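S.K.: The chain contents come next:
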Amino acid sequence: MIYLIFAYFCLSTVGISIMALTRKNPVHAVLWLLLLFLHIAVIYLFLNAEFLAMVQVIVYAGAILVMFLFTIFLIGAKELPKHKRYTSLFEGRLLVGLSLTATFIAVFSSAEAKYKGKYTIGYIQEVGNVKSVGMMLFNEYSLALLILGVILLIPMIAVVVLAWRRGDDTP
Amino acid sequence: MIELLIMLIKTTVVFSIVLTHVAYTTYAERKIIGRAQARMGPMEVGPHGLLQPIADFIKIFFKEDVVPINADKFLFQIAPLIVLVFTMINLTVIPFSFDFVLADLNVGLLFILASASVSVYGIILAGWSSNSKYSFLGGVRSASQVLSYEIALGLSLAGVVIAAGSLNLRDIVIAQHETIFGMYAIPQIIGFIVFIIAAFAETNRAPFDLPEAETELVAGYLTEYSAFRYALFFLAEYVAMYIMAFLCALCFLGGWTIPKFVIAIFPFLDKVPGIIWFAIKVYAFIFLYIWVRATLPRYRFDQLLNIGWKVLIPTGILNIIVIATLKRFVL
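Going down the list, the protein sequences come from chains X and F. For the first sequence, counting from 1, position 79 maps to 79 in my numbering; every step adds exactly one. For the second sequence, counting from 1, position 61 maps to 61 in my numbering; every step adds exactly one.
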């Protein structure tokens, strides 16, 4: 039974991504993406990563996808560039496809199905999923986390600089 | 199999109790606002108008369901369901007393935040699919408002999570009961205030009910809706109010427990069942919702976003820093 449900979610993520890619209406495409993110969250649940599942929904479905919708709404689908150079450039497709394939090959060839350090299944069951993710992030990868924070801060500053209105009409 | 049946019965009981409460919250709202404005409120149907919610329900159930001709039909019809489903689903993780919770999730608090962020889609879609400028503006307003205040809400709840050391709502209440004050509202008063303001904005209620500001937008994203789909939005709004009240009672007011120092003074209060304390706290928060609606005028939209980003979020971050320092060095 549980395998059937897992198989459904795995197959439907593929199907939904194809649906999302082929929609003509960008709003519909975003909604298929929403469905996709919810399915991915369920797959995380199958992997016993409940924290990741919730974060997936909060961050991707709740924040990033809403930003996509905003962009589509505010720019308007009709004003999107129609020129062939922007919509279907053969070299661009080739580049994206090849680089994605290269990334997949690089990731999957170096991946090993074993646990590193003390983070075994038993350990995670003992201290809990959220706690073990937190311990790992803030102890072993604290420098990476700090750098990520700085990287995320830079676009924020950039946006403020871009949106800064000089003059006295600021409310 | 028998477990599934018990689960089903429990779910039905919880949902029907909450929906009855929702029906009579509309009645209470009209009565209290009426009294606040020196009116009587509904008086005609039944004694003191007590059957008014039922009459409203029957009326709205038999009205015609109109779909605008240029609307995106499927999305228009499914939008109220998205809002309602992702609001009602939160009821499953709420512990109503020590041993009554439908699903004892380890990440219960995150679950509520996650489903709240998904239910925004229903509102945006309702606005977009109606193909009307008022609906659309209302939907976009609502989305930006909920997005902005979700951060403040999360930050205020993060203080609770740090202090309790758990994301499980039941563990939060138990950890809270162990402290001297018995409720986090006292040591975390900054977080509590941020939470209340963010909760009001998150549920699109007065004074932050800009998505449905009548004077500017007719009825916002609800403009093109009629009959039962309109009622579904209202149902979802009131259930969301109750979710926020539950969350407030659980995370800041001690849930089904009362502080130990109160029991030390009045020992007989220990005999009162926990669900009653929980209900009192929830009713108090719902009353606050209605009271504020009767009292405060609506904010302008730029004021709303300014409060969210320039006041509440820095205050929430400050709250986290204070709580983390206290947790590390004092407790």
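If you are wondering where the hints come from, they were derived from the structure by calculation, not from laboratory data. Since the structure is predicted, the reported quantities are computational estimates derived from the model, not experimental observations. Please note that a few of the clues may not be correct.
What the hints assert, rightly or not - One side only, chain F facing chain X, incomplete, derived with CB under 7 Å:
no. : residue
1   : V107
2   : A114
3   : S117
4   : I124
5   : L147
6   : I186
7   : I189
8   : I190
9   : I286
Note that beta-carbon positions come from the ideal geometry of N, C-alpha and C, so glycine has one too.
S.K.: Now look at each hint and say whether the structure bears it out.
M.R.: Hint check:
1. V107: 5 Å, holds
2. A114: Where the cut-off is 7 Å and the nearest Cβ of chain X is about 4 Å from A114 of chain F, the hint holds.
3. S117: Holds. Min distance 3 Å.
4. I124: 6 Å, holds
5. L147: Holds - the Cβ of L147 of chain F comes within 7 Å of chain X, reaching about 6 Å at its closest.
6. I186: 26 Å, violated
7. I189: 26 Å, violated
8. I190: At about 23 Å, which exceeds the 7 Å cut-off, the nearest Cβ of chain X leaves the hint on I190 of chain F violated.
9. I286: Where the cut-off is 7 Å and the nearest Cβ of chain X is about 26 Å from I286 of chain F, the hint is violated.
Hint compliance for this structure: hints 6, 7, 8, 9 are not met, and every other hint is.
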